[in-house]
Amino acid sequence: MALLASVTLTPREALVHGLSAPSGMKLLGLLLLAAGWGIVVTAVALLAGAPRIAFVLAGVGVEILGLVLVIRAHPVQRGDHS
Amino acid sequence: MNVALAPAFPDTTTVVCIFFIFLVPFAGAGLTLINAGLGRSRSAAHLMMSSLCAVSFAALAYFICGFAWQGFMGMPAHVLTVGGKGWNWIAAGPFFLRHLPFDGSPASLAALLGMVSVGLASLIPLGSGADRWRLSATCVSTALLAGWTYPLFAHWVWGGGWLAQLGENFGLGRGFVDAGGASTIQVVGGLTALSIAWILGPRHGKYTLEGMPSAIPGHNSVFVMFGCLLALVGWWGLNSAGAVLLNGMAPGNAVLVAINTTLSAATAALMAAAITQTRFGKPDVSLTANGWIGGLAASSAACAFVRPAAAAAIGILAGMLVTLSVEWFELRMSVDDPGGAISAHAVGGIWGVLAVGLFAHIPAPELNSAGRPTGGGGQWLAQLVGIATLIGFVLPLTYGLNWLLNRIHPQRVAAEGERQGMDLYELGAGAYPEFITHSEEFTQH
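Going down the list, the protein sequences come from chains A and B. Take any residue in the first sequence, count from 1 to its spot, add 13: that is its number in the working numbering. Take any residue in the second sequence, count from 1 to its spot, add 708: that is its number in the working numbering.
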């Protein structure tokens, strides 16, 4: 529930509702960033033509998902500095 | 592992390159003034001191191990072979610049350019960490950036690494192209700034308990605007040196590079001013300055390969992106970035890298070692792979290093230091002592 809220709410909304990001959220986001990059590099090395483009775009998509997780994990955790 | 050392330049090209590189510190001076001006007056001396220390640590770390890991085309490197293709991932040069001939050879010029470039990159995170980043932590974090993160990515792009070889090995255009350091300097510095902003957290009083941001205006807009003009001179040198030294352009092309750099900055600043005029009724100084720097950052990658009209278009979009992303980071993502470093350098730089794939006319393709043309389509894909590497590899790397440093040596100043001001707390003296109200015994009657 908290995980879902952290992903769907903006940091400010989460702060207002007293929700904090799960401790693993940041790590999960960073791992997704690295995994997305792995997909991109693997696609470049092993594929060609349209499949290569599709997998590179998929890898970038995974990175964006990871970036969203990391971004949304941080400010909620930093609310204690307000 | 590479086939041959880069050929020596004619004397005139060497002299021109040295002149261009000597201009680059002006960019650093400009960024320092901008960061100081956008911060609080009670932390101004601390920021200037941090800037000087950061540049010093960056130069030292780059001298010790940075250039050894960055290398240059034709110098020894570690290469992994996967599927018959070489993946050149890190240089294998000697530490302390040993065995490097200081005679104006391309390798020695690359070492000089790298030393000033890494100094410039090290100044970028100071903008996002202003008013709360301890001096000692700044120095160690800079050493990590200059000794490891920057050299590794710079090798991939400028040292004949795997990103530069995407064209030859996988037919992706001419490989990842970045003439003036939009990725290696601006985005790497900008992503480090983002990591620092996350780790430090917002300044005390920046956000209310409800999460609403409050404005903490910069203390000296004259510094900010003068810094912008100073940065332009530095960027002329940076982009021109990169184009000539790292991309094989003739020195005369510096005219096109300078025109493109200026146009990109100009249109970006005007776009930022227009957006803030439309939204707030008056043009905003700090956002216009951020737009200017964002335009400069965006210009770096494609400056040698686009027509002036395309450079102006790159600047227009950079101005829009930077202005909107500053607000997005502050309002939506609660990232406190006093200097706008994340938006100007990371967002602007990423757009500039992508713009190479969209606008650049790179010189005619050559044949690779297998007799296959290296140019043609796929340039945008090579640029996208580079961007994916920045976000998927460099960001976790720089975040992880700074997170580890924060565990060992907390990077944020104590609450008392933030309340008192970084100048008094860490340096014992302020930037503007004449502003202090003295007690009776110090005044002359």
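Honestly, the hints are just simulated from the structure, not real lab data. It cannot be assumed that every hint is accurate.
Derived DEER-like restraints, expressed as beta-carbon distance ranges [as the list claims (entries may be wrong)]: (1) B:TRP1111 / A:ALA67: 29 to 35 angstroms; (2) B:ALA958 / A:ALA48: 42 to 48 angstroms; (3) B:GLY1136 / A:ILE66: 17 to 23 angstroms.
All C-beta atoms, glycine included, are put in the ideal place defined by N, C-alpha and C.
Practice prompt. Could you check the structure against the hints above and give me the numbers of any it violates, in ascending order?
Written response: 3
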